[in-house]
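Chemist: Residues per chain, in single letters:
Protein chains: 6
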Amino acid sequence: MRLQLRTWPDVEGYLGTSTGIIVPIGSTEQHGPSGLIGTDALCAEAIAIGAGERLGAMVGPTINIGMAVHHMAFAGSMTYRPSTLIAVIRDYVMALTAHGFRRFLFVNGHGGNIPTLQSAWYEIHAELRQSGDAAAGAVRFGVQNWWSGAQVKAYADEAFGAAEGSHATCTEISLMQFLYPDHAPVLAAPLDPAVAPHHTFHGPEHYRAVHPDGRIGSDPSLASADHGGRLFDIAVMEAMAAYEKLTTAE
Amino acid sequence: MRLQLRTWPDVEGYLGTSTGIIVPIGSTEQHGPSGLIGTDALCAEAIAIGAGERLGAMVGPTINIGMAVHHMAFAGSMTYRPSTLIAVIRDYVMALTAHGFRRFLFVNGHGGNIPTLQSAWYEIHAELRQSGDAAAGAVRFGVQNWWSGAQVKAYADEAFGAAEGSHATCTEISLMQFLYPDHAPVLAAPLDPAVAPHHTFHGPEHYRAVHPDGRIGSDPSLASADHGGRLFDIAVMEAMAAYEKLTTAE
Amino acid sequence: MRLQLRTWPDVEGYLGTSTGIIVPIGSTEQHGPSGLIGTDALCAEAIAIGAGERLGAMVGPTINIGMAVHHMAFAGSMTYRPSTLIAVIRDYVMALTAHGFRRFLFVNGHGGNIPTLQSAWYEIHAELRQSGDAAAGAVRFGVQNWWSGAQVKAYADEAFGAAEGSHATCTEISLMQFLYPDHAPVLAAPLDPAVAPHHTFHGPEHYRAVHPDGRIGSDPSLASADHGGRLFDIAVMEAMAAYEKLTTAE
Amino acid sequence: MRLQLRTWPDVEGYLGTSTGIIVPIGSTEQHGPSGLIGTDALCAEAIAIGAGERLGAMVGPTINIGMAVHHMAFAGSMTYRPSTLIAVIRDYVMALTAHGFRRFLFVNGHGGNIPTLQSAWYEIHAELRQSGDAAAGAVRFGVQNWWSGAQVKAYADEAFGAAEGSHATCTEISLMQFLYPDHAPVLAAPLDPAVAPHHTFHGPEHYRAVHPDGRIGSDPSLASADHGGRLFDIAVMEAMAAYEKLTTAE
Amino acid sequence: MRLQLRTWPDVEGYLGTSTGIIVPIGSTEQHGPSGLIGTDALCAEAIAIGAGERLGAMVGPTINIGMAVHHMAFAGSMTYRPSTLIAVIRDYVMALTAHGFRRFLFVNGHGGNIPTLQSAWYEIHAELRQSGDAAAGAVRFGVQNWWSGAQVKAYADEAFGAAEGSHATCTEISLMQFLYPDHAPVLAAPLDPAVAPHHTFHGPEHYRAVHPDGRIGSDPSLASADHGGRLFDIAVMEAMAAYEKLTTAE
Amino acid sequence: MRLQLRTWPDVEGYLGTSTGIIVPIGSTEQHGPSGLIGTDALCAEAIAIGAGERLGAMVGPTINIGMAVHHMAFAGSMTYRPSTLIAVIRDYVMALTAHGFRRFLFVNGHGGNIPTLQSAWYEIHAELRQSGDAAAGAVRFGVQNWWSGAQVKAYADEAFGAAEGSHATCTEISLMQFLYPDHAPVLAAPLDPAVAPHHTFHGPEHYRAVHPDGRIGSDPSLASADHGGRLFDIAVMEAMAAYEKLTTAE
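Residue numbers (UniProt numbering), protein chains in the order written: chain A, 1 to 250; chain B, 1 to 250; chain C, 1 to 250; chain D, 1 to 250; chain E, 1 to 250; chain F, 1 to 250.
With the rest of the complex left out, here is chain A (with noise of 0.2 angstroms):
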């Protein structure tokens, strides 16, 4: 149940049998010579609206645009400064409270979301307590990344082993691909080295020094549209379990 589809009176009525949202966080920004720069929020936004759809949940709109200036020296990247993305989550959050929402499940496309993410909680706590506001103490907050879930790294240990990497991944790749079968880029070479170098980095400049192509430690063509749609159906379950044990806690 996507919000963006729904009526006023919808939204009134869903109200009346639950407080919960999933709210997809992505990302825009490289991912490497043959990964799409919208992967972060495109897979976010289907797994969460797979899941929603499954639960009945609501489903807001995405927010595409995260927290990736480490990625800022590859072409076609964007960010918000972690201030911005504060002030976005807050504002998004404090428009539902304001309606009677109070339990939100990030599903989240990009780790480098998450300082800022859980930043944001508490800025938003902070401030509904300071403004006695109705949702203040009421108000409860999780994420699911979906990358990380148990089930969905199991499948990807089996399928990718080392390969997998931790930017670029295959996971990600294949689950692109699945969502976006007509989106395959041509790339001029074979990507090389075979699998990404995988470093600490400090800052745009110093990430792509040590990764030249934007990979991290991945080898993404292992990837496969078959895979994505395995990964898919895992990750929308976890995404399920995660809303339920959220929604349902005292």
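Just so you know, nobody snuck in bad clues.
Listed next, the stretches of chain F that the computed footprint assigns to chain E, with coverage defined by at least 3 CB atoms under 8 angstroms from CB atoms of chain E:
hint: 1; region: 6-16
hint: 2; region: 19-32
hint: 3; region: 65-75
hint: 4; region: 78-88
hint: 5; region: 95-109
Quick look at which bits of chain C chain D covers, simulated, 3 or more residues with Cβ under 8 angstroms:
hint: 6; region: 22-31
hint: 7; region: 178-187
A short list of chain A residues far from chain B (calculated; beta carbon distances all over 12 angstroms):
hint: 8; residue: Leu55
hint: 9; residue: Ala134
hint: 10; residue: Val143
hint: 11; residue: Ala154
hint: 12; residue: Glu158
hint: 13; residue: Ala194
hint: 14; residue: Leu222
hint: 15; residue: Gly229
hint: 16; residue: Asp233
hint: 17; residue: Ala249
No wet-lab data here; the hints were simulated from the structure. For every residue, glycine included, the Cβ atom is placed at its ideal position computed from N, Cα and C.
Position chains B, C, D, E and F relative to chain A; hints supplied.
Modeler: Relative to the frame of chain A, chains B, C, D, E and F by itself:
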């Protein structure tokens, strides 16, 4: 050409030929009892992508929440505070100017965004100038409010006359019926009154007091997917013309 | 009745009879080679005070710097960034709502202020609502852009025709000649060209490139103090009407 | 020479001879039962303009709202939050440094502005330095608190002694009677007590609790336009001296 | 080598040999009925100074308040909002980069700081890049969360097992007993239950509801100054190793 | 009674008897060739703790970085921008008002903090009032600038005369020698000149140009730990008196 569905080398290549980009911006807000909450974002997105495809122009991710404080008395409406939306647009643009983008056509789906969008442009001009950025003096912004293009308005005048209204309009409802044919809401009762009232409003409470079901001046029962399809083509052509004007001006 | 020239018991008494106030807002920016930099603030101030005197309405202090980033390539132009102007208007209004003022008519002298002014109104509506302020739902804003009142425009059309222009206009220069008769600038040479060019502009550098002496589309040599006096009366009447409409609406 | 009453070529010419400017800053706040709310802004403005005329120095527009949170329990008082006033002063100064102004004498009419004014100076120094601005290292600020000049104080001591007080003082009331002779308020009753109490205060509620009519330590019935005229001349001379000292220092 | 206990020529000399600095960051928040409120700041400070002395590395002043919104339902807990903590870390780092410091090891005493600390790093990277600062591309950040070093954890596992817990842990209480032997609190009654519960929590009210005395999962009665002394040595060694890794990497 | 060395039940008990707290605030900035960079924070901290112990009053954690933009041309100096310091003080105070603290005595070690500290107080008053906080109208702030207490100044006059100076003063250097006897710097050469110059300064570059070694007007070679010990006792007594006055006033 959607930025989200391209790789970073694609964008690098594109920047060798063009510094232009189309930015869809909409809103997530009530559109009366029969209009979908995502209307403004989804219409803008579709028109932007349509224009981008025909032009071979890059289209950025959609800013899907806008400035809609005045709609907040209806369940499910979301809004950025103007200050947050300025930060969002600022970060969006600054990320892209860092890569070399210089001309930004916003395809806008929500009248309430216009003041804040224009404020953001000058916030950016001021910051670029103060920081001595390479883009200072070179960045240009334009906006295509798709519903107010001359030909879209001419079509609306002829097809809907005074019942077009100014919120939850026949035009935008038609476009959504064309774009999302499976999401026609089931209304419990006919729209009452058929043509909604049209008042000056002040803040969210007053808005609802004078427009009880959310519509302003419209009778969206006149909308149809067929109208929507024709409006889509017109709106895309008008967006294309605006882009060409913005990007070819010296 | 200027707030600045009253005592606090006067204001307390006034609030027993009215919650309305007129707020002059202008700008401090170049007005071409023959126009005074304070034109927008001083015209708005004079009209606001004129209307306030005839109405017995309170007139607040003038917001004399506006959003004029686009004029910054000319010496002496000043500007608030949009975010600062939002804060200024927010604090201005919130100080007065704390005393019981509820209806704010801005008499505006500068087109460039309009987007930020409207953004500020919604920033305030959002904050009042979030903080549960007593003024939430009761505050109403209006703006009278004095140069675009129907009768001012009719006068300008007849008196100046196409040479009225849109910056450093005959109308505003006339009004300043009426208000400040001793400050006519001594021009070294005739205006060249007599009627200034009129272009779309983008940021301060581009503005100056296409409007080299600062004017847009005007021939202010047609201005006169005599025109100014008549325009003053018309503009005051139109501001009075706007105030009465705002304050008497339910 | 008021910036508002000059053209941009005038300012360009002026900058060829001087980088100095005088900035009037005041407040809009209660001044007891017989003092006008605009006292602090209007006194500062008159003295600044007086000094500017005699010096041939540029005088900027008046910052007519100051930091007056502590006066907010009296109707009609206005205030900027300190953070807003810092932004106002920052933008004011940065607009002028962009044109080449370097030395800023603030003629101040309100003691409560001093801390925030000084805070703003360092906010600006920090930003200029961080952004590598051409004005970094060259900008200098000074303030002339007109009521505390040595000769103004000597006059006040002799004319009013202990009844001068520290808010709604005899000195400022005299100056306003000189400047605005037609706006003497009609008091319903004599000031009671004749000399107001003088306490330490904490926040707006406490301020009013200990200074019930708004005055601090003054008996403004001793004020007169005649005193005001003499004080004006003294204050202008002291402001001139401060400006010359600031602008001629190496 | 504590920055606070050095002169500016000392620092100038130091910068000729190293651009590294150790930054203690902690929190001021409840640590259960027997733990001291300053635990997180004082432990981090002691370990940072210990490592700095042995390394000859500069140690900055302690950031003694952290992000602890979730502890605010217990008397005496303090917190910065995440946005404030980002500003604090930003200013702290930018002051030092202006002098030439480039590598910053944060020795952290509070898990709740981690997201905001990482957010701050990217806020800084973004600002350095945008402003064209000399430090852009050269600044590197690292964090040593002292309680989660491999050897500290191994010690805790062996000494305390499952009773270590995750707030008001045996480890940190031991360290405080070693560092502040005279400040053992006198408890009115034994800890009840001996081992505290361990729940997911949401905001300050919920935190207290599920952890009524403030502890999470720990039995700090197992702590001792003797354990604390051994843990101190281990934690200092691990911080030293982290600093050397950060400062010697190319 | 240091907050950092107490448990939350201790604080709960304390709040049953008192709502007062002492807040040490200093700076981390150059103090000339022989003064330690932490002088202002460490002196304020020691005096605050000394007063707190004798009074049985709570002492909060030290704000150890202050507003020291003007010292930034000397290596090792740190500063918060004024806007950041306002946020720091705001969050510090608001965390404590949430628990019931109402009276805040700042023991300040740095003159440069005073304007921003006072600005912060009014930022807080404004926010408490706007949000309808329970603490609005009840919070009171005071500051004891330890170096300017009447008896400290009398001691300095007698002991050091004109060589006391106003930065890197004999008084503060003496206090540091008393507090940190092992950290006397080894100077390569005598102070030159013995008594430092004393100028008006403007921003960090100008400060250094007119005070080349960082001192203002002082000859700290006159300082001694013996003087420091006596000054400590005097400063503690004056801080105690200030606290008692602030907390016992109605």
